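*Asks:* For reference, the chains in residue letters:
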Amino acid sequence: MNTKEIVRPAVVLLIITAVAAMLLGIVSEVTAEPIRIQNEKTLATSMQAVMPDATSFEELEIEPTGTITAAYKADNGGFVLTVAPKGFSGAVNTMVGITADGTITGVRVTGHSETPGLGAKATEEAFYSQFDGQSGSVAVSKDGGQIQAITSATITSRAVCNGVQEALDWVAANGGAY
Amino acid sequence: MSNPIKVIKNGIIDENPTFVQVIGMCPTLAVTSSAINGIGMGLSTAAVLICANLFISLLRKIIPDKVRIPCFIVVIATFVTIVEFLLKAYLPALNASLGLYIPLIVVNCIILGRAEAFASKNGPIDSICDGIGNGLGFTIALACIGLVREFIGSGTLFNITVLPEAFPRTLLFIMAPGAFFTLGCMMAALNHFRNKKKA
Amino acid sequence: MYLILLLLAGVFVNNYVLSQFLGICPFLGVSKKVDTAAGMGAAVIFVIVLACAASWLVYNLILLPLNMTYLYNIAFILVIASLVQFVEMFLKKSVPSLYQALGVFLPLITTNCAVLGVAVVNMQNEYDLITSIVNGVGGAAGFALAIILFAGIRERIEDNDTPKAFDGFPMALVTAGLMSIAFLGFSGLISL
Numbered sequence: 053m054n055t056k057e058i059v060r061p062a063v064v065l066l067i068i069t070a071v072a073a074m075l076l077g078i079v080s081e082v083t084a085e086p087i088r089i090q091n092e093k094t095l096a097t098s099m100q101a102v103m104p105d106a107t108s109f110e111e112l113e114i115e116p117t118g119t120i121t122a123a124y125k126a127d128n129g130g131f132v133l134t135v136a137p138k139g140f141s142g143a144v145n146t147m148v149g150i151t152a153d154g155t156i157t158g159v160r161v162t163g164h165s166e167t168p169g170l171g172a173k174a175t176e177e178a179f180y181s182q183f184d185g186q187s188g189s190v191a192v193s194k195d196g197g198q199i200q201a202i203t204s205a206t207i208t209s210r211a212v213c214n215g216v217q218e219a220l221d222w223v224a225a226n227g228g229a230y
Numbered sequence: 243m244s245n246p247i248k249v250i251k252n253g254i255i256d257e258n259p260t261f262v263q264v265i266g267m268c269p270t271l272a273v274t275s276s277a278i279n280g281i282g283m284g285l286s287t288a289a290v291l292i293c294a295n296l297f298i299s300l301l302r303k304i305i306p307d308k309v310r311i312p313c314f315i316v317v318i319a320t321f322v323t324i325v326e327f328l329l330k331a332y333l334p335a336l337n338a339s340l341g342l343y344i345p346l347i348v349v350n351c352i353i354l355g356r357a358e359a360f361a362s363k364n365g366p367i368d369s370i371c372d373g374i375g376n377g378l379g380f381t382i383a384l385a386c387i388g389l390v391r392e393f394i395g396s397g398t399l400f401n402i403t404v405l406p407e408a409f410p411r412t413l414l415f416i417m418a419p420g421a422f423f424t425l426g427c428m429m430a431a432l433n434h435f436r437n438k439k440k441a
Numbered sequence: 018m019y020l021i022l023l024l025l026a027g028v029f030v031n032n033y034v035l036s037q038f039l040g041i042c043p044f045l046g047v048s049k050k051v052d053t054a055a056g057m058g059a060a061v062i063f064v065i066v067l068a069c070a071a072s073w074l075v076y077n078l079i080l081l082p083l084n085m086t087y088l089y090n091i092a093f094i095l096v097i098a099s100l101v102q103f104v105e106m107f108l109k110k111s112v113p114s115l116y117q118a119l120g121v122f123l124p125l126i127t128t129n130c131a132v133l134g135v136a137v138v139n140m141q142n143e144y145d146l147i148t149s150i151v152n153g154v155g156g157a158a159g160f161a162l163a164i165i166l167f168a169g170i171r172e173r174i175e176d177n178d179t180p181k182a183f184d185g186f187p188m189a190l191v192t193a194g195l196m197s198i199a200f201l202g203f204s205g206l207i208s209l
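Line by line, the protein sequences give chains A, B and C. Remember, this note's numbering sits 52 above the position in the first sequence when you count from 1. Remember, this note's numbering sits 242 above the position in the second sequence when you count from 1. Remember, this note's numbering sits 17 above the position in the third sequence when you count from 1.
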């Protein structure tokens with residue numbers, strides 16, 4: 053086997069890979085800004101949904117406790133927290149809006165891997181709206197609380213309640229400090 | 243094979259990637275829980291397939307035979323990544339629902355298969371047509387499966403409720419087993435018609 | 018404890034073939050006989066474990082420091098392709114008996130989306146090296162389990178009197194659907 057037979061394929065492959073890498077570098081540069089804007093927009097839309105009165109939000113530096121993943125302070129004094137309680141088949145990412153005095157202004161499930169058609173119903177308005185205006189403690193009716201669990205998806209409903217409860221407790225304990 | 247329309251039709255009907263060649267099964271089964279997802283996946287794959295076919299056809303004389311598979315893979319992976327970025331930037335909702343399966347277009351046997359079987363042997367125009375034909379054939383197949391599963395599983399078509407609320411939904415059809423059943427039954431139905439035609 | 022749960026979840030609850038649809042092509046293609054299915058399963062376990070480790074190293078030691086994560090897809094697929102080639106050459110030279118058993122399946126593994134899928138999942142979840150490998154072992158063992166069981170069923174169906182239209186792929190798909198329902202019974206058993 054002569055060297056030409058080895059070198060040529062290697063050089064061609066190298067050139068193709070280099071061109072591909074360059075092209076991707078350019079595309080990634082160009083789309084970086086739109087992607088960032090999209091992510092911000094998605095975040096802003098869900099924050100607006102859980103706290104309709106506020107117009108701007110500022111991320112707070114917090115120690116992650118329990119399943120709380122992030123906290124934001126709204127310009128009307130309220131808080132928006134993201135929690136990731138354990139559901140039936142993984143984390144149920146939930147966003148909760150709470151006023152400074154501990155009343156829930158809205159709940160949204162932003163990401164989950166629950167069973168389609170059962171646990172996935174946690175993303176429906178009928179389930180969310182039960183949380184609006186609650187304060188102190190929330191739990192599904194089976195556990196003696198006020199939230200009507202989704203039919204055949206008690207575990208998912210309980211997960212959302214646990215997450216919301218964590219958020220309420222956090223605001224009660226730390227709300228004054230921010 | 244020089245007639246572009248024939249090449250396109252060939253990809254959609256006679257050699258439909260899903261129903262006749264039975265390749266690219268993973269995305270076919272995974273993302274067809276609704277018609278919209280099926281179409282989104284189909285079009286993303288078609289876009290990658292057309293671009294990859296074009297470039298591989300253009301490069302077919304330069305690429306040495308020994309390293310052709312790695313070269314094909316690099317070309318395909320490049321376009322897949324571009325599609326991924328574009329979806330993230332402009333259609334984030336679709337990107338979220340297709341998730342993992344977008345990067346996995348790289349290993350979709352349809353694309354590597356067409357590159358090896360068609361684009362590496364034919365001119366750029368024919369290769370684009372082949373890409374369009376196979377891409378559309380794949381999209382149509384995915385859309386059909388998606389429509390059936392969405393209708394039976396959640397009683398909607400393109401997210402519009404068509405079955406009355408009281409009518410029970412067969413949830414199984416938007417979960418994993420439903421994908422296997424739907425595709426199996428559709429293929430059986432096609433077989434049946436083909437057998438009848440022959441007889 | 019977490020690692021054991023992750024392993025079990027990979028095999029039963031989140032079975033890559035039956036609930037995530039990764040690796041369907043070899044699952045349908047090489048499942049006519051139990052022994053070839055077992056060969057494929059073994060080859061996949063072997064390659065996935067190596068691929069998980071290699072892709073983790075490439076991603077965390079090369080792509081992340083260089084800020085070139087956008088190349089992950091190209092990098093992973095090339096790593097997997099060259100790994101498969103390398104394993105094939107190595108086995109041919111040093112363990113010919115194993116090469117004879119796995120030989121024909123090795124080239125097919127490059128386009129097995131379960132391999133790339135596990136590598137991408139590891140990256141997206143930011144698993145560390147050990148967790149990545151455990152996830153790979155779980156996923157691959159799940160694949161092996163599914164394909165061997167499936168081949169066993171298909172061997173039996175072979176001689177049955179099925180409706181003519183269902184011959185071949187349709188029957189296989191319906192069988193896979195029934196298996197998938199069985200595996201649905203594991204869902205919710207382990208949540209991580």
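Check before you lean on any hint, since a few could be wrong.
Claimed, not checked - Listed next, the in silico DSS-like pairs over lysine-lysine satisfying Cα-Cα at most 27 Å (straight line):
(1) K56(A) x K110(C)
(2) K308(B) x K109(C)
(3) K56(A) x K363(B)
(4) K439(B) x K181(C)
(5) K308(B) x K438(B)
(6) K251(B) x K330(B)
(7) K303(B) x K439(B)
(8) K440(B) x K181(C)
(9) K56(A) x K440(B)
(10) K49(C) x K181(C)
(11) K308(B) x K363(B)
(12) K110(C) x K308(B)
Said to hold, decoys possible - Computed footprint of chain C on chain B; a stretch qualifies when at least three of its residues, placed anywhere within it, have a C-beta under 8 Å from a C-beta of chain C:
(13) 311-317
(14) 416-424
Just so you know, the hints here were simulated from the structure itself, not pulled from any lab data. Every value quoted in this text rests on a predicted model; they were computed, and no experiment measured them. Don't be surprised by glycine CBs; every beta carbon is placed ideally from N, CA and C.
*Asks:* All hints are to be evaluated individually against the structure, with a verdict given for each.
*Replies:* Cross-check of the supplied hints:
1. K56(A) x K110(C): Measuring from Cα to Cα gives roughly 26 Å; hence the hint holds.
2. K308(B) x K109(C): 19 Å, holds
3. K56(A) x K363(B): 24 Å, holds
4. K439(B) x K181(C): 14 Å, holds
5. K308(B) x K438(B): 45 Å, violated
6. K251(B) x K330(B): Outside the cut-off at roughly 32 Å; violated.
7. K303(B) x K439(B): This hinted pair is violated, its Cα atoms lying about 42 Å apart.
8. K440(B) x K181(C): Since the Cα atoms of K440(B) and K181(C) sit roughly 13 Å apart, the hinted pair holds (cutoff 27 Å).
9. K56(A) x K440(B): 54 Å, violated
10. K49(C) x K181(C): Given that 27 Å is the threshold and the Cα spacing comes to 18 Å, the pair holds.
11. K308(B) x K363(B): The hint holds at about 15 Å.
12. K110(C) x K308(B): Holds - the C-alpha atoms of K308(B) and K110(C) are around 21 Å apart, at most 27 Å.
13. 311-317: Coverage by chain C holds here, the residue count being 4 at a Cβ distance below 8 Å.
14. 416-424: Contact hint for the stretch 416-424 of chain B vs chain C: holds, 7 residues under 8 Å.
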